[in-house]
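S.K.: For the record, the sequence lines run as chains A, B and C.
Take any residue in the first sequence, note its place counting from 1, add 63, and you have its number in this note's numbering.
Take any residue in the second sequence, note its place counting from 1, add 2, and you have its number in this note's numbering.
Take any residue in the third sequence, note its place counting from 1, add 1083, and you have its number in this note's numbering.
Hints listed in this document are in silico derivations from the structure and should not be mistaken for laboratory results.
Don't take every hint at face value.
Pairwise CB distance ranges (calculated) [to be verified]: (1) C:Asn1190 with B:Ile68: 42 to 52 Å; (2) B:Ile15 with A:Tyr215: 32 to 42 Å; (3) B:Gly86 with C:Thr1118: 30 to 40 Å; (4) B:Gly136 with A:Ala103: 21 to 31 Å.
Predicted, not measured: the structure shown is a model, and the values here were computed from it.
All residues carry an ideal CB built from backbone N, CA and C; glycine is no exception.
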Amino acid sequence: MNSPTATSQPIASTKRRRMSTRRLSTNALIGGSIIFVVVAAAIIGVWWTPYDPLRINFGAKLQGPSAQYWLGTDEFGRDVLSRLIAGASSSVWISTLTVCLSVIAGTIIGVLAGFIRGWTDRIIMAFINALLAFPGLLLALGLLAVVGANKYGIILALSLAYTPSVTRVVRGTVLSIRQREFIESSRVLGNSELYTMVHHVLPNCIAPLTVLATSMFGWVILAESALSFLGLGVPPPAPTWGNMLASARPFLDQAPYLSIFPGLCISLTLLGINLFGDAIRDKLDPHMNKGQ
Amino acid sequence: MVRFILNRIVMAIPTLLIVSVAVFMMIRLIPGDPAQLLLGDLADPVELESLRQAMGLNQPWPTQFIAWFNNVLHLDLGRSISTGQDVLPLVWSRFLVSAQIVVLAVLFSSLVAVPAGIIAAWRQNSATDLVLVGTATLLVSIPTFWLGLLLLLLFAIKLSWLPVVGYVSFSEDAKGALLYIILPILTLFLHEIGVLMRMARANALEVLRLDYVTHARAKGLSERMVLMRHVFKNSFGPTWTLIGLVLGNLLGGIAVVETVFTIPGLGRLLIDAIFARDYPLIQGCLLFTATIYVVVNLLVDLLYPVFDPRVTTE
Amino acid sequence: MEERPKERYKCCQVGLAALLLSIGAVFPQGQADATTLRVQINADIRSTDPGINRDATTDSVVLHMVEGLVGYDAKGETRPLLAKTVDVSPDGLSYTFHLRENVKFHNGATLSADDVVWSWNRYMSPKLGWRCLPDFDGRKGFRIEEIKTVNEHTVLFTLNHPNPLFLTTMARSDCGMSAITHRDSVRPDGSWDKPIGTGPFKLKEWKHREYISLTPNADYVSPGEQPDGYVGSKRPMVDEIRFLVIPDLATAKAALLQGSIDILTRLPYNEAAELQKNPNVSVSTSSLLASFALLLQTSDPTLSNLKLRQAIASALDYEQLVQNVTYGLGVPNNSIVPISSPYYTEAEKKGHRYDLEHARKLLKESGYRGQPLKIIANKQYTYLFDSAVIAQAMLQQVGINAQIEVLEWGTQLDRWQKGNYQLMAFPYSSRMDPALNFETIIGDREKQPRKVWDDPQAIELLAQATEEPDAQVRQALFAQLHQGVIEQVPLIVLASQMALDAAQKSVVGYKASIFGSPLLWEVSKK
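Given the sequences, and given the hints that come with them, work out the whole structure.
M.R.: Put into structure tokens, the structure is as follows:
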């Protein structure tokens, strides 16, 4: 898609810059703290939770928050807080792997397309555009039905859905800088294509990639919850915030807290990621907010 | 201009072709077929075979694809296995339902978000800006299906202001129809305000730094004139592009909102079709969605010069 | 000046709130005509042609408009419906149906033998795609050789060999009850128009994806004096039945509570408690002629070990499992013969015994070394999923490494069909006779991997039961088969399924039926 950008050179306003520096550290602080809490919970959750998130206890079915069960219990008598912590582990793990996979795959493909150009580029972009024309959620749905709805199937499906975005950004960056002089000089100096790519092109991709990757963490967590909500996420009884929300639906009026807490977790995590992402973007290059 | 359109259509064809082939193959790779699902546990080999035959499922894939594709070229998308209705009219009517909600939501949210974003940029780092950006970031972080659930809980169940039963078409009962779509539109509206406001603000910030804005100020133009004449026009462009992207993506992601509010829209149709292994319907839906996506992007790019005359379609 | 844009924004917010508030004031009550019965269905029907392109929802609607020669009574036994009496020849090859007189179609025409022959010839034509054609055209070994009119009110069916289940099959809802429809139901070009049947209701309007509206058949005469399933008194007592398509359960429930729906059927078990407390709603339950079970794949290397299977059977606390999964509505039943079947006796009550010690002992004897065992379930059927979760926990307690794999229904069905699983929580559909219940699990696994039990003796016993007309003898055969299931554990039946229906208190005479679909005759509204 052609995204025309403004062509004039911006003039930095010093006063504004100083003020935004102060503000962006607030963003980074709040966002960073939230992310820290979530990741800490995720890591701790691998070894310890207040109760066993899978342990069924019919005597304690559907109890509201109390001193014993801080956030209440679900329809099997399982402790909600423990399940939320275990869910954090799941979300962090899935999003980290998905982002890594997408970034690696997308970068390789994007660099290939941008560097080599010609028919390779056209074919690659045809496929990328086809993938983008697929509603992401539904691509994941179809893939999951084939591959099987487990953690790794979801990681694969979501990576496939998000690689095109990475490819586009990387290719765009590659295209915009390959014209620049130091690339030419690198070639003239006799460096191989690969060397040029690794040493000159890639470092320039890091900034836009970081911004994109930060957003992607949020997208993946959201996508996994949406998939679970529709019935195709990480299968229960292993808890994820998404499938906890989905299981809570029949009890919306009986036990509303079951729907509120997981949603709150997702929202807070996304808030943290968005704030932190804003801070990173402001820091790396304020002119990069167009990188969607 | 005409060349531009034609060029884009030609470029879209390979995309649509790839999508068709990919969808065709993928759904047949998924375990389970429509005959099996229809018969359930009452299926014995004899009945399965005769049903599969009736559905044309035991022909080789290329034959099936060519037959389907041939029909597509005649604008016949086949017949749905699970509902017995013709696919194209079915997909179209469901699309209208989804589009109604998406377009209204994006329209209202643009009207609110774009001015708000510009204001926030104008008053960068002031209290106004903080509040607006904070709200936007908050709204962006809330998953739409959760937001929808909460709104449903509040307005329909606890307060009983709004009905819970899914949908009535405008042609049948305009007043009733309005009630049914308020909550889904509200849900999307709230979410998109967040997205669009942040974008509009970012673009406006960009423009505000530009030297011709300083120039305009130096010339003595009032703030308001500067805002209207320069900032708005120039920052709307990329925002407009994003609106296009959002529209296109929403049509796919609207499935969750449709599930929460029981709206018979395109998203829900596709998901049900996948669960029912309704091959003609899945293929028709996805081809249609991909086409809409291409058309929306085309329109967005065509209308871009309206907002930014410096850009011509090349 | 800087205030203007902000004000605009605030205006929008105020405007929105005002809009919402005003709509609250204008909110329509959604009350319909006093004698319209509004019933929820969770998907649109597929067609109105009985037995052609149908599913369970379609059958439940269509069977209000059409009737067959025979039908099921309230207990699920086959009785004459359009026929007054049925004579079976001693050799079991000839069935003579004496039709009731003065039975009117929706168009006023009187039912005659010609109509019966016309309908049946239509069903038996291969091009039509009648659901039950394979059951009658010889592909499964049984064939109707000839159907002919004897006189204006008598029809003779000749079979290729005796089949005690012939009438039971004819009356099946997925066959559309082999309904007799008038030839005007079909257009001159041969395509289906609408059902002109003999049922208590006729089709008024089918608004696709929204609702189906039925109105009473003014000329309807009931086949019986008292309400008795499909064959008793079936008077239409409302001016209209509207089947509304509401796919989402939460929505349907809210509609019931708000008063815009009168009847909900097949609710999930967890809804019972809350609805029972509601003063405006009356709840009814019925046991169904269907079960749900935990299947065990005996050809799996780990599960081929009989002692291990028996250990699993002893490790499950059936009382607690069924209690929790059905929220107190159901009772455990380890027999595939449903509790409400006339053939369910003391013999069927003997099932597996929950005994942890015994289970552990058997486990040790089996030589189980902790291999993982996967239980397949899906989330679309909540009670199945719950059963799998609880079973897994119970098996873990005994030391069996059970894991759950959640699949989507279509995928699970495919795995079931191919026998590709270790353990699976599975729902069986209603069958009107225990021989048919057993037929779903017994068979040659080479040819049909979906059968779980291929013991040659079982296959032999089943064949006998299918051909045996005497009820006592059949009873004994079923008891033997059940005994075999308990000993060999090819599957563990957990319980018979229950229907949970809810209706407004203003609805009079409605209760859940053994068929799992609503019977809306003899039902009125205050």
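S.K.: If a hint holds in the structure, say so; if it doesn't, say that too.
M.R.: Hint-by-hint comparison with the structure:
Our hint of 42 to 52 Å for Asn1190 (chain C) and Ile68 (chain B) holds, since their Cβ atoms are close to 45 Å apart. For Ile15 (chain B) and Tyr215 (chain A), the Cβ-Cβ distance of about 35 Å falls inside the hinted range of 32 to 42 Å, so the restraint holds. Checked against the hint of 30 to 40 Å, the pair Gly86 (chain B) and Thr1118 (chain C) passes, with Cβ atoms roughly 31 Å apart. A C-beta distance of roughly 24 Å is found between Gly136 (chain B) and Ala103 (chain A), which places it inside the suggested range of 21 to 31 Å.
Hint violations for this structure: none, all hints satisfied.
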